[in-house]
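6 protein chains.
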Amino acid sequence: MDSTTKVLTFGEIMMRLSPPDHLRLEQATTMDVRYGGAEANVVVPANRIGDCALRSLSAYGVDVSRVVREGDRLGTYYFELGASVRPNGCVYDRKYSAMNLASRAVFDWDSILEGVEVFYVSGVTPAVSPEMAAACEEALAACRERSITTVCDLNYRGRLWSPERAREVMKRLLPLVDICISNDEDAEACLGISHGSGSLATGIEERDSYVQIAADVCERYGCKMVASIVRDIRSVEDSDWMSLIYADGQAHFSSVHHMHVLEGVAAGDAYGAGLIHALLHGFDLDRAGEYAIAASVLKLTVRGDSNLVSVDEIESVAKSGAALRVSR
Amino acid sequence: MDSTTKVLTFGEIMMRLSPPDHLRLEQATTMDVRYGGAEANVVVPANRIGDCALRSLSAYGVDVSRVVREGDRLGTYYFELGASVRPNGCVYDRKYSAMNLASRAVFDWDSILEGVEVFYVSGVTPAVSPEMAAACEEALAACRERSITTVCDLNYRGRLWSPERAREVMKRLLPLVDICISNDEDAEACLGISHGSGSLATGIEERDSYVQIAADVCERYGCKMVASIVRDIRSVEDSDWMSLIYADGQAHFSSVHHMHVLEGVAAGDAYGAGLIHALLHGFDLDRAGEYAIAASVLKLTVRGDSNLVSVDEIESVAKSGAALRVSR
Amino acid sequence: MDSTTKVLTFGEIMMRLSPPDHLRLEQATTMDVRYGGAEANVVVPANRIGDCALRSLSAYGVDVSRVVREGDRLGTYYFELGASVRPNGCVYDRKYSAMNLASRAVFDWDSILEGVEVFYVSGVTPAVSPEMAAACEEALAACRERSITTVCDLNYRGRLWSPERAREVMKRLLPLVDICISNDEDAEACLGISHGSGSLATGIEERDSYVQIAADVCERYGCKMVASIVRDIRSVEDSDWMSLIYADGQAHFSSVHHMHVLEGVAAGDAYGAGLIHALLHGFDLDRAGEYAIAASVLKLTVRGDSNLVSVDEIESVAKSGAALRVSR
Amino acid sequence: MDSTTKVLTFGEIMMRLSPPDHLRLEQATTMDVRYGGAEANVVVPANRIGDCALRSLSAYGVDVSRVVREGDRLGTYYFELGASVRPNGCVYDRKYSAMNLASRAVFDWDSILEGVEVFYVSGVTPAVSPEMAAACEEALAACRERSITTVCDLNYRGRLWSPERAREVMKRLLPLVDICISNDEDAEACLGISHGSGSLATGIEERDSYVQIAADVCERYGCKMVASIVRDIRSVEDSDWMSLIYADGQAHFSSVHHMHVLEGVAAGDAYGAGLIHALLHGFDLDRAGEYAIAASVLKLTVRGDSNLVSVDEIESVAKSGAALRVSR
Amino acid sequence: MDSTTKVLTFGEIMMRLSPPDHLRLEQATTMDVRYGGAEANVVVPANRIGDCALRSLSAYGVDVSRVVREGDRLGTYYFELGASVRPNGCVYDRKYSAMNLASRAVFDWDSILEGVEVFYVSGVTPAVSPEMAAACEEALAACRERSITTVCDLNYRGRLWSPERAREVMKRLLPLVDICISNDEDAEACLGISHGSGSLATGIEERDSYVQIAADVCERYGCKMVASIVRDIRSVEDSDWMSLIYADGQAHFSSVHHMHVLEGVAAGDAYGAGLIHALLHGFDLDRAGEYAIAASVLKLTVRGDSNLVSVDEIESVAKSGAALRVSR
Amino acid sequence: MDSTTKVLTFGEIMMRLSPPDHLRLEQATTMDVRYGGAEANVVVPANRIGDCALRSLSAYGVDVSRVVREGDRLGTYYFELGASVRPNGCVYDRKYSAMNLASRAVFDWDSILEGVEVFYVSGVTPAVSPEMAAACEEALAACRERSITTVCDLNYRGRLWSPERAREVMKRLLPLVDICISNDEDAEACLGISHGSGSLATGIEERDSYVQIAADVCERYGCKMVASIVRDIRSVEDSDWMSLIYADGQAHFSSVHHMHVLEGVAAGDAYGAGLIHALLHGFDLDRAGEYAIAASVLKLTVRGDSNLVSVDEIESVAKSGAALRVSR
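Residue numbers (my numbering), protein chains in the order written: chain A, 1 to 328; chain B, 1 to 328; chain C, 1 to 328; chain D, 1 to 328; chain E, 1 to 328; chain F, 1 to 328.
There's no promise every hint is true.
Which residues of chain B face chain D? A partial, calculated answer using Cβ under 7 Å [unchecked claim]:
#1 Pro20
#2 Leu54
#3 Ser84
#4 Arg86
Bear in mind the hints are in silico, worked out from the structure with no lab data behind them. Quick caveat, the model's predicted, so the values are computed rather than measured. All C-beta atoms in this analysis are idealised placements derived from N, C-alpha and C, irrespective of residue type, glycine included.
Chain A extracted, bound-state conformation:
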């Protein structure tokens, strides 16, 4: 994933602890430690665990000089990789985190947005706290003033807030958003927009319902573009993935990738990053969709929350559609 400083993301970086070797949490005597999120615009406690989180960003070349250091603790979560009919498990320990308890006032958007071309935020950030919801609104408004392109992945998290609360906040944010990413049940939970059965197993068969959702979002909130991952999920390992980009009343579907999933997390973030990369590089919307979904499905083959793949690798998957790719 390319990380130009022109793109600013706003969210929480957390420690992720996960049992190795498909073990359940109850069986683990060791945990793999990773730091999730590649956001440059975060609040992190001024202790060694906070330092560790920032080191992980630095290894990717992310500039961490503007990170706010305050608070008692870094948010933590336990990620348990599922298998077959046993879904991935997640135990949050993020309450009272530095980000959760931070005030919106710690962010000086004037200086933060200096030189930024694209601003990205996911729906997780406003769910962290009412203060962060307010900070999101302030940031998006500041972007609008400066003509910075804004991207918001609705990314509903039922453990952080209720649909009611999500809708209340998201309806304030969306009018400030240029590009809305909406997957799965996001539109219903965050916006109350629903078409199709909502089954995760038949997304591709019901792809038209995603177009309808996108059209509704554009109409109601004035977004210029809505992008969605459309999936058939049959089990933890087995699923099909395609992209929908909706803009100017047109739906652009990508090829379908049939996947055997290694780790089904952060594929939505990778999709958003791929999409932003494509748009910054002036790809047309068909190619942008192929690029974004290729980035997304490659993430499914990489451990951790960061999409450690090269532009070449994404292009290779994108170009061959869902066909064969074997290293020679």
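Given the coordinates of chain A, assemble chains B, C, D, E and F onto it according to the supplied hints.
Okay, now just chains B, C, D, E and F, sitting in the frame of chain A:
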């Protein structure tokens, strides 16, 4: 899995040593160590390895106060996880174990059965030694006197005894059994009852042959119920699973679960445990079959011999049949 | 360590995460996971991490039926093993834990103290929160009414409270304490009692100052006994350990153990546990001191917070004083 | 795999470093270390890393007494296991290896070929350097003089040489080869012979094109037999495998094995070894093909470059065609 | 260690399972697997675990063609590395092993001793069973007939037999032994010969008592040489080591090596191997002692039961006495 | 260690592979992977292994934008941690590395030295190749012109060049060096200056000889300062460390630190870094010596080649001299 003290299981607990990371035994420089079985009614040597086995039971809240401590060694086995066309491997080192050399006299069934509602034994236990076979018969007879429900999983193990010896013993035990669990080739090996092709790849297509087997067992031995896992096994990872419960002349088939298997061991034990749970909680036979097979297939997604899943997780798989379940 | 249900301990159980192989926190890509403390009387969140903590207690045979399940999170801490001149590191993430936010009202001392002979609390517990300090006072007072022997290890933790706050609380608790354990700088920090240089490197040379401290504690607070670990610490690995038990105006010093330390944590807890074992078994004070210090130094050779050694092993070290012990 | 001393293989043994647990190279803090190749006829540096390579051969019972010890370094490569749409990765660090810099003169074929019945070389060996290409030619010529059966797996490696250079060399070698193994794009890259689409996804559908290639090779170079693995590769894990043996104008196809691949490396070597075993044991060509492809697909289930399976295991897979095989 | 085929050792090879990272057995979820002993003259079961044991020998270049394959199980033992005052722990699971149940008749000494110059046996071998004791006697007698030099390390193991039984057997064997190795309490337990305090902490101070023991052994049993490791053991890590070789009425003491021990096992075997190497190479007794003790103390720095060091490394330690040796 | 961009280091970054858990190279089935050196001024191949090396620098916040990407391979070395009398082992595989084969012309010193205040090079760099020796000379000359302070650690490596070649080169470099760091046998090997016995075991006793060496260096080459680590090394773990700074005819010795060493590598680099930090911050020479030696001995407690300690930790060790430091 809930473990009420009302259920008593009788079997051997063993140390299981398994190479990590799909390695073959010959490649392993480390082994994962687990203790197999959750039986409360065992013979274990009075040394630190025996202590380790009991600690593993205690962690599950199993009462180990009535375990007999004698003998020289804990039975051990090497479990090698297969892949695709390479089947799981198993090397037994259980000869001369405390259980193998124990006398039936170490079990005082009067006190052991105090307060017990369900007694469970698998066909592995009588295969351990003639003494244990005799102990099984004594235990089942004692249960019959006390109207304790008896469950026997035939569970034939060709490395422990021949079909001839198995049949000789099992024909004495089965008349004392209320609920017989019979999978795969068990009925033929243990009872000489055979219908269908016996192919592991086409169990579901030949499901009617399982009904015939069940009817035969009930008729010949007076069992009230016969339960079977009916499977199509295509490879180490790829298989379909369903439950058959036969009682009162009626066959109750469950939904079919299509599985990508993490570790294909102890799924029969998990099925039996699920079935007992269902019956103790008064589920009807359709729901009991769904619950038992859900417990069984969840075991296929968990490392080790213990089915480390919650009642909620089983219910979730059972309720959605074989459809999609993804954590949100 | 024997764990009879007659002894009740009151404290917080936490998850401990520690880098393997002497790595620094910043280098770790995996962490060893252990649950610290063997307290039966705790508050633990009603989630899977809480379950894990209780499983670790159950494996030791500790009865967890009276544990309070409430709150958002289990306290966590990062333990970094030092080496030579680099001291052990510790990063607390225990603020906002279930115990930290619990009310004293969750403990029903009437039922909790049923059948208890010895009540043990360390100075960490009242440091967790003002509510827990109040709970300690209520518990100790309830013990006094019931003639339950009370043991308090002062165990000052500078990261949890200031000496001022510690003294304010401890001076209320100590009059309710029968046996006070006071190591290192505890007496000064918690009670303002100071003799000797306070150097950790010369405890044994200045052993008389420990007698003076003990005499002061008995005189001021009416404790019947004061016990101390007296140490010379030269580096993370290299130290000498002896016990002082002071009672009835008499000082009982044990042999000195010269140690090469594997993991220098929880040796104070092991000392207290050894002392309680010795007293419950009617050892005279010389033998009690030898037993307690042997338990303590054995802990220095075991990973984790629990003293996984047998009574035989403690006796073996205690009997041979600081002489040679090799397995044959 | 049986390794009789009658079979001599000629190639380079290398250290293989691979990240554990499907990690990418960039994520790895440890690497699994293995030594690739089971060649007895190698050049290895006279240092401890060279010793390690030879120890790994000795563990398989390979006689290493005639290995040449010279040069500065053992060739190394980094192998990164892919997943789904992410292909396996490989970074070579084999330039300047002992083999790469060795002179053809270090091999005294007169003594090396003493008692040899079958000589095996893969196309990787002549690609290592012009000197090794010359050594291959000398060896094959010496075999021809002695009526030793020669086997050559074309095994084109695009990172070691260009098709032009490969063709130049291979056209000199092939007239000295009795049995040519040619998979995938080998024939085109090494010999300029092309039939069919060349797609890795449709090998089995286009199996006739492999017959045509084989016929061409026999005609042009006078080989007595051409053997090929014919595959449909759908992803890193998912593929179908069959064998073609072409001799005397007849094509012998084996059963098709549907595979879930653990580690897709060295399956070609395992195929060649299986084929040689079959021919040495006088199997007819149908049985030889079943045996060779069974050996090959079993390798896909074993970690590392060596096919750690027994003759019994190969026979078991070979006999049941592509049907079910489960350990009982 | 050099392993010429002229030296034949007779003993049992076992699987050793040991917890990693100084864990206690009760804490281990993985075990390191190694195969202990480098004896070429063993009985091993004809199963995959037996194969593993032999592979470990082959990796060292040991010829395993004459190993007897029979019996049910390979002897196993659990080795727990101690620390400081906690001694190394050992749990045997070697009863009923192939060696334990083997008949003396499986050894055809005529063919086994063909070409042998030195025969080595430790006192563990006759302790395995009465049959093995008889086999030892037969072997030593056959050596005497053939003028093969016999070496016996008394190596008393209290868990395998009593001093009474050991003495009964050893007194029959020793008259057939040329070189007797006797450490620690061996002479007392096996022969009833005792001088000095027997304290492991003061061996070097009491070195003269070892000379007296050696003189007694030579006088009573006609041995030509007695060799002993003379030690001061202060803790698991901390000890001093020197060699005594007694022959022709002369005592030859080596330098003293002050050791920080990594793993204190198999140092006696390494001493014996070093001594045999020295004698086969014609070293004088002073140099032989330096070489043997250097080999022995180097073993203390290597994991496992095999002394994986080179002749050069031993010479380097031997030449510099106990002085500094640092790699540059 | 602070890394201000004002300090420029010039050297080779290499991959370091080391067996875990004190294993010998021959025993390792995994290796720990680290990247050694924190030089910003390097040549690294343009492949993924080169990327990995640079990521490791980025994690420390080092600017890698001016690294030259060319060549075939990253230098590699195998580091084997020794124990007690077994010294640390090292196998180089650095020949033909990108740095080894690079031309001096790839370094444009005009732009590289822009803004630099201190230039650091160790004697390893000119030993890499004659081209790199020439590059060092050019760099030092360029620094002299610009009044950049130059620091050179003689750091003789016998495996890279002979004393003759080292002296030839170093005598050209030293007149351009302001601060010379010379440990152990460096002065003799690199400069032919020798005083004292040269024994590593008695450096501190012979500290005056280090002063004489320093005086000679200053006199002959015009260096303004010579700094040395003066050590008594008794074994791999056990040693004493002090600093000597010689300037203006005055010798400044630091306290002596008695160390139990975790990993005895890169302590010289850490000393140099500490010294530069001290001088840049204007410490007087006594304090500078205490700071530098504290940084150096802390490195002995940290795995890997980078000194992952904070300024606070160094100050804490420096301030307390060699006295006790325990975390509370």
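Note to self: If you test the structure against every hint from before, which numbers come out violated?
What the structure shows: Those not satisfied are hints 1 and 2.
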